[in-house]
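Novice: Residue-level listing of the chains:
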Amino acid sequence: MTDRACASASPAAEALGAALHALVAELFPICRSITGDGVRRSLAILSRHLPLDIHEVPSGTQVFDWTVPREWRIRDAFIEDALGRRVLSLRDSTLHVVSYSGPVDAVLPLHELRRHIHTLPDQPGLIPYRTSYYAENWGFCMSHDALEALPEGAYHARIDSELVDGSLTYGEHLHIGATEEEVLLSAHSCHPSLANDNCSGMAVLARLAERMAGRRTRFSYRFLFAPGTIGAITWLARNRERTDRIRHGLVIAGVGDCGAPTYKRSRRGDAGIDVAMAHVLRHLAPDAQVRDFSPYGYDERQYCSPGFDLPVGMLQRSPFGEFPEYHTSADNLDFVRPEMLAHSLELIEAAIEVIEKDRCLRNALPFCEPQLGRRGLYGALGGDANAAKRNLAMLWLLNQSDGSRSLLDIADRARLPFGTIAATAEVLEREGLLVPA
Amino acid sequence: MTDRACASASPAAEALGAALHALVAELFPICRSITGDGVRRSLAILSRHLPLDIHEVPSGTQVFDWTVPREWRIRDAFIEDALGRRVLSLRDSTLHVVSYSGPVDAVLPLHELRRHIHTLPDQPGLIPYRTSYYAENWGFCMSHDALEALPEGAYHARIDSELVDGSLTYGEHLHIGATEEEVLLSAHSCHPSLANDNCSGMAVLARLAERMAGRRTRFSYRFLFAPGTIGAITWLARNRERTDRIRHGLVIAGVGDCGAPTYKRSRRGDAGIDVAMAHVLRHLAPDAQVRDFSPYGYDERQYCSPGFDLPVGMLQRSPFGEFPEYHTSADNLDFVRPEMLAHSLELIEAAIEVIEKDRCLRNALPFCEPQLGRRGLYGALGGDANAAKRNLAMLWLLNQSDGSRSLLDIADRARLPFGTIAATAEVLEREGLLVPA
Amino acid sequence: MTDRACASASPAAEALGAALHALVAELFPICRSITGDGVRRSLAILSRHLPLDIHEVPSGTQVFDWTVPREWRIRDAFIEDALGRRVLSLRDSTLHVVSYSGPVDAVLPLHELRRHIHTLPDQPGLIPYRTSYYAENWGFCMSHDALEALPEGAYHARIDSELVDGSLTYGEHLHIGATEEEVLLSAHSCHPSLANDNCSGMAVLARLAERMAGRRTRFSYRFLFAPGTIGAITWLARNRERTDRIRHGLVIAGVGDCGAPTYKRSRRGDAGIDVAMAHVLRHLAPDAQVRDFSPYGYDERQYCSPGFDLPVGMLQRSPFGEFPEYHTSADNLDFVRPEMLAHSLELIEAAIEVIEKDRCLRNALPFCEPQLGRRGLYGALGGDANAAKRNLAMLWLLNQSDGSRSLLDIADRARLPFGTIAATAEVLEREGLLVPA
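Protein chains in written order, with the working numbering: chain A, 1 to 437; chain B, 438 to 874; chain C, 875 to 1311.
Because the hints were derived from the structure by calculation, they are not lab data.
Honestly, I wouldn't trust all of these hints.
Claimed, not checked - Computed, partial: chain C to chain B, Cβ under 8 Å:
(1) ASP939
(2) LEU1110
(3) GLN1176
(4) PHE1182
As the list claims (entries may be wrong) - Per the computed footprint, the stretches of chain A lying under chain B, defined by three or more beta-carbons under 8 Å from a beta-carbon of chain B, are:
(5) 366-376
(6) 388-398
Think of the CB as a built atom: it goes at the ideal place given N, C-alpha and C, for glycine as much as any other residue.
Please put together the full structure from these sequences, using the hints given.
Specialist: This is the structure in structure tokens:
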């Protein structure tokens, strides 16, 4: 994927891409973890784009089989050589400290220090991302090259952190639509300086909410920014009785790299969002992959656990774990491209358009074709160059609208874009030829 | 398709092909439209082959969302130059006048006349076929080369036509079978001198009816020759209560060119005729295409409208609109080949054999295989060279005939021709091994 | 297939292969037919490995549409030339006499004798295998080369056989499991000196029974060694009321050659054994073929007749009738390989493991994932190198175990070996995370 040239975006999308990339860049340096001030500072930045309800859930709260952990507070982390020169500093990269590392303040010989240092020998120039949630430990991450360059001797290892009773923080925003039926849009907010995973997801969702502000929608849209796994579990535990309102959902993560989009189906496999995303990708991103559900991944793991089995899929670009930059310092601000962020946002908006407008209609004159010419409908639809496609869309809609097939079903059967079918359906509704099923 | 060499037909089919081509040639020169004497003269020719009921439906009759239009009467059409030389004449080709053109009798400069002349700049040697149904207009069609060769100057344009209250004409023949369940065979009869579209369809259906005359059949067979769209709509409007008798149906059009057969499934997609035609083509025309239903096409558009949803498919050879001769003067008597006409007729007869003979039987001795050797059934079936195939057919029939699978289902599962299965079934019925389900 | 190099077996399987081949070699020389002492002697050999109930069913017994035939007793068969030199002798190969041949003792000129001699002109070095069940006849089989080498002259043809009222013999063994639900394992026992067809099947099943002796199983396992067709029919006729106990079944034949395994599905096509065998072959023999049911074959013809429609598939290696050694003297002890016999036995045992262990479980904590790390389950499963696969298996099991999917369904969806899923399920059951559905 690093070898893949990025497609050039349309000029129209450039401003959007630039704004998204700027937001990613603002989120990037913060040292996030599953709890702590990193998450709070990130949510504060996002709040400038959408009104966020910030929830603080105390450490020790029971959430299903889990307990909200103690809060991690990290102030500094470094390694100094015998001359007091810093050979590693948290200020250079938030990846340098193992996430949730306990404190240390000790002078050790290199061979002992090594046991607490994680590197990537096969990618010697990159710093890995490591965590030690739910385990008492301390550690650093650095590039293998930098480690190998260290001379023998004594080093001062210092991690100024503490694990204390505090809270887990997540942010939530509800765009209120005409009905209480909800669409869940969820991004994890717990990774430190990884631009794609998941500053990209947070930025895209925040910007999406901003673009939807004031728009009248059929569904209500719930935007959730929560730490991975424990955050989604906490939200589900606190909203267990309300999950049956969720009609569609998407987990968004890693949507800024140059790879083709990858959609992972919900556990159900044939949920509305699965059909809608497959349709959108077929027409807008023909190189996209659609994959079957698997229980390994992001927070769709929780939303699609068998007790909930929510209709929630996952959108990413290059599949996590399958590209070399994944969970390394190479997942940086260069790895994430403005035009890809904009493209991902457009795909989500296209899917939203589909689920918003999809409905079942019925042909009011089902015996033989109605005489379209007499009504001025042939070739006269807006006078555009797509008249032939619109004519075909009319025939498909009239033929298939027997109450059992939705507009999306018809678009798929006709191999026409949903937008063409939906716009044509509106014309036929105005003429009274299609009526609610 | 024009570059495709025609397959040589079997000698046996040659006489049939010649007779079919002669009938196409007789129908070809007539100036048909959706109403008028062209249709009447064509039906008169067909009546020599099958007893036709001729129906005249008055202009102004309401048929569903449509109204039977005024009748078009065309007597002559020409363009003369200033010296009185005819540069275009209806007598040379019925395509020269736009079908349903209103009258004109005027002298115009070439640049004004051009606005009423249709040509094909990309196929400059061919005359296009154009219509202006349901719109007041007049016009000519000619080859682009001929138009370009005209010198500037004044021309006398004359179309001696009128649109008057009259009637729409269609012809119908019912071959009466053992039951009132019907098979609908329908060809459009409204195109002027286009040999494939649809003189071929009319000729093949007329000849088929002639060959079936006197044959005892299980189904009744309704042959319909009607103008496209408005004819089928008119027939459906007048027979609305009787359409539930229709068990199978085929629209026949463009069955004389050298292209491989193309079958378009009914809207249902899995109707008996869909399974039967797919079987027949798999075994008799392996290069054939089977396509899913779409609402654009010939009169299956009306038969498969959602209020009727009849089990009617469409058989053609090269798909309409996808070959260069379509709707041009190149769709002439050379474009239609005797052996292809005969082949198409044979395919329809093969499908009829399938639907006539298909039925569900039950193995009377379903516990273990019956002892076929004792009954002299192994290898003894007619003593023919196909004994191995017949033996296999016996085993398939005995194994699968549990009342839930028809002979056609079994033939498809066994990958054997329906004829082999049906002939073998008769042998096993005579032996009492298979009984009605 | 003769050109295909045999894969080398694992050392562990070598002893098993050698033992199986020795058993094949012991069975090979016996002159078996559908009745008679050949079958009895073969069953006596097998009885040393598993306790066999020997059934004798009198000639003339009616079994469904069939009658148990007279018993064939063969003592000797030879052809001598005028000088008394034996040019063919039953003692050299049991294939030399047509099975069920009536007696003869006559001197004939070569051209008359030829009418009673079967050869394979296209495989001139091989003796064919021929039978004349249910027909009065006599005959010899020999290689075409040997026949062609015979000088003209008179020959003494002698077949010392008789067809007498006696009985049909089959052997049966029931491995008793925890339930009365049965697995039927069936091999035909009627072919003479054909090593693959079916000494291999008899040997593999006998040895399988021996290995299962004393093992506690959920199902009861019925081992059946019976002459082809008439034996299976006889068994079914005598056990008609008990066949509804059969939950799974396999016909085993031709399992010693070097070809890839071939599994033929039951008539149902989606029986448990069909899913289990497809799974086993996908993981253990990726070059295996899985074919749809057809009514031509071994005794699955009877088990899958529509009155029974038992869930019985068939396992062989190279498909019968599709390799040159089939039903010739080349199907000898060299054609059957120890490692292939062992491999086939392992495949059957793997399928048995699947059907024994397959079951539906239910996630006891279905809302979100349970916290596996807290229970020491992550990466800690036995400490083996397959930790990642086990972790994935845990996630799949927890996500999919909603009571509607069995372990095998989950293994197939996860594309993991059943063994991994089953072993992981046991761990999760011990933890109380999975419970009976």
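Novice: The structure should be examined with respect to each hint, and the outcome stated for every one.
Specialist: Cross-check of the supplied hints:
| no. | hint | verdict |
| --- | --- | --- |
| 1 | ASP939 | 4 Å, holds |
| 2 | LEU1110 | 6 Å, holds |
| 3 | GLN1176 | 5 Å, holds |
| 4 | PHE1182 | 6 Å, holds |
| 5 | 366-376 | holds (count 8) |
| 6 | 388-398 | holds (count 4) |
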